[in-house]
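Visitor: So the sequences go chain by chain: S and C.
Residues -15 to 136, numbered by our numbering, are exactly what the first sequence covers, in order.
Residues 19 to 268, numbered by our numbering, are exactly what the second sequence covers, in order.
No lab work stands behind these hints, which were simulated from the structure alone.
Just so it is clear, the structure is predicted and the values come from calculations on it, not from any experiment.
Treat the hints with caution; some may be incorrect.
What the hints assert, rightly or not - In silico DSS-like links for lysine-lysine, alpha-carbon gap of 27 Å or less:
| no. | chain 1 | residue 1 | chain 2 | residue 2 |
| --- | --- | --- | --- | --- |
| 1 | C | K110 | S | K32 |
| 2 | C | K106 | S | K32 |
| 3 | S | K19 | C | K70 |
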Amino acid sequence: MPQLEQVEFFISQLFWLGVFFVILFTVLTYITLPKIRAFLNQRDNFVKSHISKQDELIKKAESIIENYEAKLTEAKNQASQIINDAKNTAIKESEDLMKAAEEKIQLEIKKTEERVAKEKNTAISELNDQLKDSAANFLSKVTNIEKGNINL
Amino acid sequence: MAKGESPLKQFEIQPIVDINFLGFDISFTNSALWMTITTAFILIFFTVPFLKAKKTNSVSDLYPTRMQVAAELGFNFINSLLADTVGKEGKKYFPLVFTLFMFILFGNLFGMIPYSFTFTSHIIVTLALAMGVFIFVTVLGFVKHGVKFFSFFVIPGLPVYMLPLLIPIEIISYLSRPISLSVRLFANMLAGHTLLKVFAGFVSALGFFGILPLVFIIALTGLEILIAFLQAYVFAILTCLYINDALHLH
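Just need the whole structure built from these sequences, with the hints factored in.
Guide: Here you go:
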C-alpha cells in the first residue's frame, strides 16, 4: 500500500498540507467569509428595512382608509339629512299650499253661499212683493177698492 | 488491470518538483498539486462571486447571481451545521469547520476525476487533519475549563465503584478519536477508489461482457460521489461535536 510504504514522502505531504490548509484557512477567515457574511447581512438588512417600511405603509394606508370611511359616513349622513330636510320642506310647502288652497276654496264657498243667501233673500222679498202686488191687484179687482188702500 | 498494474498504483505519490529544504524532502508531488488545485478552486469559488459587491438599492439588486447562490449554499450549510450541534458559541469556530469541510469535500470530489489524485486517501493527510482537530479541541477544553476539563472523563450519576473501570474506557475512547476520525475518511477513500479500479480491470478482461462491470462502475461512481460528500460531512459534524464537548463537557 503506497500510503504506508512511501514513508519518504510523509514530510512532504505534511508540509504541503500545512501550507495549503493555512493558506485556505487564512484567506477564508479574513477575506472570503467576511465578504459572504457582509453580503448576506446586507440583503437581510435590506429585506428587514423593506418589511418595516412596508409595515409603515400598511399603517398609513389603513389610516387613510379609516379617514376615507369616516368622511364617507359623514357625507352619507349629510346627504340623508339634506334629503330629509328637502322632504320635510317639500311636505310642509305642499301642506301649506294645500291649506292655502283649501282656505281659498272655503272662502269662495262662503262667499258664494253668502251671495246665494243674499240673492235668495232678495228673490224671496221680490217674490213677496210681487205676490203682494198681484194679490193687491187681485183684491182690488175683486173688491173694487183702490189698490193703494189695500194693506196686506 | 493492464499488465499487472496494481489497483493501488493510483495512490502512489510521484514527485513533480524535487525540493530539499534543510535536509527534509519537501518535494512538490501530485498530492501537493491536487491540494493546490483544491485550495485554488475553493478560494475562487467562494471569493470571486462576492468581489463585485453591489449596493442593494432596489429589489432587483437583491437577486444573487448563480455563483453567489452556490457559494451561499455552502456557507449556510456549515452555518446551520454549527448552529445545530454547538449553538451560538459555535460561530467563532465557523472558519475552521468551513475550511475543513470544503478542503476535504473538494479533495474527495476532485479525486473522482479520472487520472487525478485523491490526497484524502492518504492516512498521513487524514491523520494530520484529525490530529489537528484533536489537539485544537483538547486545548480549547483546557482553555475553557482548566483542570475541570478532566471531569469530562467522569460520567455524571454513576456509582463510585464503577469509576475505576469507566474512566480508563473514557480516556481511551477520547484518545482514539483522531484515529477513528482519520481512518474513517482514509479507509472510505481507499476502498472506494480501489473497488472502482478493480472493476475497471474487469471491463477489459471480460471482453464483450465487460459491459456489466462498466454499468456497475457507473453506478459505483455515483455512490463514490455521495461518499465523498458524506465523509466530508461526517468529518465536519464530528469536529463540531468535539468542539461542543470541549465547550460544554457533558
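Visitor: Would the hint linking S:K19 and C:K70 be met if the CA-CA limit is 27 Å?
Guide: Holds. S:K19 to C:K70 sits at ~10 Å (cutoff 27 Å).
Visitor: Hinted pair, alpha-carbon criterion (27 Å max): C:K106, S:K32. Please report holds or violated.
Guide: 22 Å, holds
Visitor: Hint check: C:K110 vs S:K32, CA-CA at most 27 Å. Holds or violated?
Guide: It holds: about 25 Å lies between the C-alpha atoms, which stays within 27 Å.
In summary, the structure agrees with every hint in the numbered list given earlier.
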